Structure formats: structure tokens, C-alpha cells
Amino acid sequence: MRIFIKGGPWKNTEDEILKAAVMKYGKNQWARIASLLTRKSAKQCKARWYEWLDPSIKKTEWSREEEEKLLHLAKIMPTQWRTIAPIVGRTASQCLEHYERLLDQAQERDKDYDASEDPRRLRPGEIDPNPEAKPARPDAIDMDEDEKEMLSEARARLANVKGKKAKRKAREKQLQEARRLAGVQKKRELKAAGIQLPPSRYRNAATKNAAKTLNYNAEIPFQKVPAPGFYDVTEENYKTKELEFVSKTLQALDGRRKDEEELSERKKDKAKIDKKKQNNLPEVILQVSKMNDPDFSSKRTQLILPAPQVSDAELEQIGKLRSSQSVSWSSNATSHGATNVLLNDYKTQTPLTVRSTMRTPSKHDTILLEAQNLLALTSQQTPLIGGENIQFNKQFLNFSGSTPSSVTPSHLLATPQIRDQHTPMTRDEFKLNQTPITNMIHDQKLEKLKQEQAKQAVRDSLKQLPKPQTVGLVTIDIPMDDDNEDHDDERMDFEVDASDVKKAKDQRRAQRQQIRFQKQSQVVQKQFPMPNIKSDHVYDGFQSTSHSQHQSLIDSETLRLIKFDAKCSAPLDNISLNLLNQSRIEILREMKPHEKIDSERFAELWQQCHSFTTAVNQDVLNAQKERIAQLTNKIQIYTAGYTKVQSDYDARCKDLIQDLRNAERDLKSYQVLYDLETHAVPRRVARVEESLHVQQKRQQELQGLYRDLLQQKQDLQTLLKIV
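Take the sequence shown: its position 134, counted from the start at 1, is 134 in my numbering, and no numbers get skipped.
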């Protein structure tokens, strides 16, 4: 049996049936309309009508005003397409689809964009999530039986105007019988396939509807049958321990802030850099020297110029028009040809009249610019991250509401200053309109042009110089003084914020400390232990044992470094960082030939050097080892018995302590019971005495009543005898 899921693309027959049903039943009875379409629900029929079939829906091309209004409303009310649709005059799906198309145009996807890679395109096997807004598919030549039945039933129902109830009842009965036969056929097919359905609990529809409720006489409501066997109750012996109250601060609940995380990341980066300097200092030095190398230059990026506003063909056409105008003017002139050559055409300087149309200012593609603004607005990050703000296009029109303002110039609103929109000082060939201001502007332009030409000439002459063969580095140490920096800050024309001044001073101080730290020895930089010597007399007896002059200089410099690291009182020579880097590079170059030493040869030499010292100490170590073994055995012999006795006493002490704890626990328990009984006995005695008094009083009352009744009985018997 085929199971149909309501939905899917709409066909031409379904659209026609929906139109006819809306004409007959109106736009409120969607459930009755959906009963004519076996493959569509009431919600889908309503969406199809309001998204596609409604005659009031505009399916024409979008105008420029509609696009501007759509982009403006999308910025004011993002993702509120149901609200934007009636304002624009389109449906919500049309607004969303056209908005996405404008965003694609803003990203310039039309140039090298492949439509097959569009993520919104449906792949084979995918289901269209919005088929109500798509055109209907044509009908097949050979329609299915259910489609033919749906078409005939809809034709009969829509054509019927009399006896609707009786025919509807008969039709419903026929549909119910068809469903029953389909269910029987399904059970038979499942049974033939080996799938057995559970037997039905109901005989007919009446018992089926009646059995939906619970019969409290025959069944036990909310019954839970216990599992067979014994139930483990060990968990009930342990009471749940109440959670202790732990005070938490607001910072612990909110977590770490952005600035704290950024500070921690900066510390981690700094630690990584310091670790790299300690582990691989030559590589860091080479990188620094490479960055300071004047020959090192970054690659220039390709210069990308904007597209020209006027093409070569348009320029050629403008030139032809001007030449034709000059020819026509010279032909109409009454003077001689030689005079016409000397004169110029001033017809273009005629002011614009009211009858002539004013020039509309040039503008950019506002639709594309606004789409780019919206795309940048949706893709920007949160301002908490920081960084530069996204630059939006400022050329878009100003909207005071949902309707864009008019930008076409009007003669009625134009002022006398803006009526003549020609560029000044561009067509004054004979200098007839010269003023002192225009002369000054002209002189300034000439002076600026001369300066640019002189600079360009100097640049060209410098480029012709040959390339230098050798490069020398000259280092100039500029002393940095805080007082001079403060005076420089005071000499600034504008007032600087105090926080910025303090921040700049801190940066300069940190930079000086970094430079001073780099000038220290490797012992200080790597934080090695240094000698704690407070007097210089310790170094008096030190003398270099080498006969070489170079080794003597090295030993004396080593002594100076030790003194400086120990006391930091004897200042070293002020050596620049560049000189230090050069010296380190020279050391690395000298050490480079000795790097490729055979490891086996090195191990052999090392073993030979240290074999003599180990051979001398080996006998002493062996003698000490034998002495230690003898003493260890002797101590074990003397202390074995004491150790055993101590372990026995420890076990007995543990047993006694456990017995003592048990006795203390029993004593406390009996004391608690004694206290409880001591407080409870008086209350019990008082309660018993009170009940005794009540019973005695009750007994007295009953005895008096018995006495009175007995007396009445005797009196009645006496009267009876008398009678």
C-alpha cells in the first residue's frame, strides 16, 4: 500500500481546483477546501493562495523605488518579512528572495559565480521547503488513478448545488469503506510477509469508543507491578547528605572578562617569546638582524585602479561634438577667418536659463551600495571584541521614512549661486574674469607644480646612482631623558589626555627596561644563580694563568662580568644593541666550523678525560659501600626483636583503642536514653493520674445514677403493689 505524505510541489490541476474552491467556499473554510485535494493540507492550501494564486500579488520586475524601500526597511526591521511585505507591496517570500539576490549582487557574484555551487539551490533528492511560492508544474499525460479520482470528485462537488448533505454522507461512507478495505489489504500483505499484527481488542466502533476510557471496576488505575524477588534496601540506610552552602562571588558566576582573557593571552605570548629566546637565541638574533637589514624589503602589492568613469569612445565623441560646434560657429561668424582663429568660442559660457534642465548630480548605484552596507552590517563582529569599525558607504540616499526622498534638482528650489553649475576658471581663455583671488590661486598652483617637478627631478637623479657594493652600519645612540620627553609633551599645540601621556611614558619606560635587559649578560637574562659577594677583596687574588694576551683579556672581562652580576655596582660600557648583535653573529660564525664534530669521537675524548678522576674515586666508593652493608646487617640483627615486639604492642594498642571507642559510644547512648527517660517519666505519671481522676469521677457519677434508678424502681414496685 502506498502511503502519501501531504505536501510537495504544486501541479496545474491542484491550482485550478484551489481557485475554484476559493471562489465557492471563500477564504475562511480552508479545511473544506483541503478535502478536495488529497495531497495537500489546509495550511498548505492557505499558503499557496496567499503566496502565489492571489490576484493581488505582483509578479512583475522590481522597480528601483521598491528595491530602495526594501533595503531601507530591512535595515530598520531585520528578518521581519511579514511586516515589510505589505509596505513594499510584495509577499514575504518575494521580499526575502529579492533581498538575498541583492546581497549576492553586492558581493559581485555575477562575474565568476557558478550557480551550481549556490547553497540555496536544491540538490537531487532534497525537498523544497517552500513549494507554495514556486510556479506550478505541468500535468502529466498519464495521470495516476488517485489524481483522476480527485479531479472527478472535485468536479462533482464543485458542480453540485442541490442535495449536498445526502451526497456528502454517501461520499463519506464510501471513503470509510475504502479505508476499511485498504486496512484489510494491508493486514493481508503484512501477514503474507510474515509480520503478525496484534489482535484487535474491539468488536465494533461503539465498543472502541467506549473502551478509550479506563474501566475502574475491572482494572486498577496507575498499577505498577513490582519486580519478582527481593528488593535491595541498602541504599535506604544511607541518608542523603545535605549540601553545604558555598558562597560564590559575582565574578565566579559571570566567569572571566574579555580584558582578563586578553591579558592572560598576552602573558602567554610573552612567555613563549622569552622561552624561544632562552632555547634558541641564535635563531632569534638572525631574525632580528634580518629585519634590520636595509636590503630586506617587502614585496609591493599590485596597484588596482578604479574603472574609468568616461570611456575612450565617449571622449572621442565629446571631441567631435566640440569640433563640430567650433566649425559651425566659425561658419556663422561675420569676421575674417584669421580673426576667428585668434578668438575663442564663448557660447558655452552662457548662463543656464529656466527653460533648460538643471544638471542632476552624479550618483552611485544606491541599490548596490545599500546592499553592501547591509551585508557588512550582518557580517560584523560584536563590539566587545574590539578592533576597527566597519566603514559603510555614505553615498546612499537619506530616508526620513519608508519612502525615499526626492533628489532631482528643481528650478523653484535652486538658489542664484547654484543655477550656473559650470566649473569656474576653466573656459576663461582670454583671462577676462581674472580677480586677485583667482590670480593668487593660479600662482599657488604654479608654485606647487614647480616644487613637484623639482622633487621628481631629484628622485630621477638619485635612481641613476649605482648600487652600493658594501653596506656599513652606523649606530647613533640618542639619549632618552624623561625631562626632555615631558618638555616635548608640553610643547604640543593641543592638550593631550593625562591617561594617554601616562601610557606613553609607561611604554617608553618599558622599552628602556627592555633595552637595558638585552644589554645584560646571559647569566642575568637566563636568571642563573649568582655569587653573593659583598666585598671586592675576594677578587684580589685572582690572576690569569694563561700566557696568551687574548686569553688574559677574556679572563679579565669575565671577572668584570662576575663583579657586575654579583653587585651591579660597576657599570659596564654603554654598548649599543646593534654592536651586541654583530658580536653574537661573529661568535656564531666562529662556532659554526666546530658544530659538525663526530659524536663518537667526542664521547671517546670525554671518557678519556674523566676516566682518571673516576678511577681514583672508585676504590674509596667500594670501601664505603662494603662498610655501609656491614653496618646495615648489624643494625637489622640488633633491631629485629624490638621491631617484632613493637608491632605486637601496636596491634594490642589498636584493639584497646577500638574497645575504648565502643565503650564510649555505648556510654553516650545510655546517657541519652537516661536523660530521655528522666524527662518522660513525670509526664507519663501525670497523664496516668489525670486519667485515674477522670475515671474515679465518672464512677462516682455512675454510682449516683444507679442509686437514683434503683430508688425509682423500688418506688414503682411499691405503687404497683398498691394498685
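It cannot be assumed that every hint is accurate.
Computed cross-link-like contacts, DSSO-like style, restricted to lysine-lysine with a CA-CA straight-line distance of at most 27 Å [claimed, not checked]:
no.	residue 1	residue 2
1	Lys27	Lys169
2	Lys467	Lys455
3	Lys467	Lys448
4	Lys24	Lys186
5	Lys165	Lys186
6	Lys186	Lys46
Taking CB as the label site, the calculated pair distances span [claimed, not checked]:
no.	residue 1	residue 2	range
7	Pro119	Asp142	47 to 57 Å
8	Lys276	Gln549	30 to 40 Å
9	Lys276	Arg601	39 to 49 Å
10	Val672	Asp232	58 to 68 Å
Keep in mind that the hints were calculated from the coordinates and are not lab data. Just so we're clear, the structure is a prediction, and the values are computed from it rather than from any experiment. C-beta: ideal position from N, C-alpha, C; glycine also.
Each hint, compared with the structure:
no. : hint                           : result
1   : Lys27 with Lys169              : holds, 24 Å
2   : Lys467 with Lys455             : holds, 21 Å
3   : Lys467 with Lys448             : violated, 31 Å
4   : Lys24 with Lys186              : violated, 37 Å
5   : Lys165 with Lys186             : violated, 31 Å
6   : Lys186 with Lys46              : violated, 33 Å
7   : Pro119 with Asp142: 47 to 57 Å : violated, 36 Å
8   : Lys276 with Gln549: 30 to 40 Å : holds, 37 Å
9   : Lys276 with Arg601: 39 to 49 Å : violated, 31 Å
10  : Val672 with Asp232: 58 to 68 Å : violated, 31 Å
Violated hints for the displayed structure, listed by number in ascending order: 3, 4, 5, 6, 7, 9 and 10.
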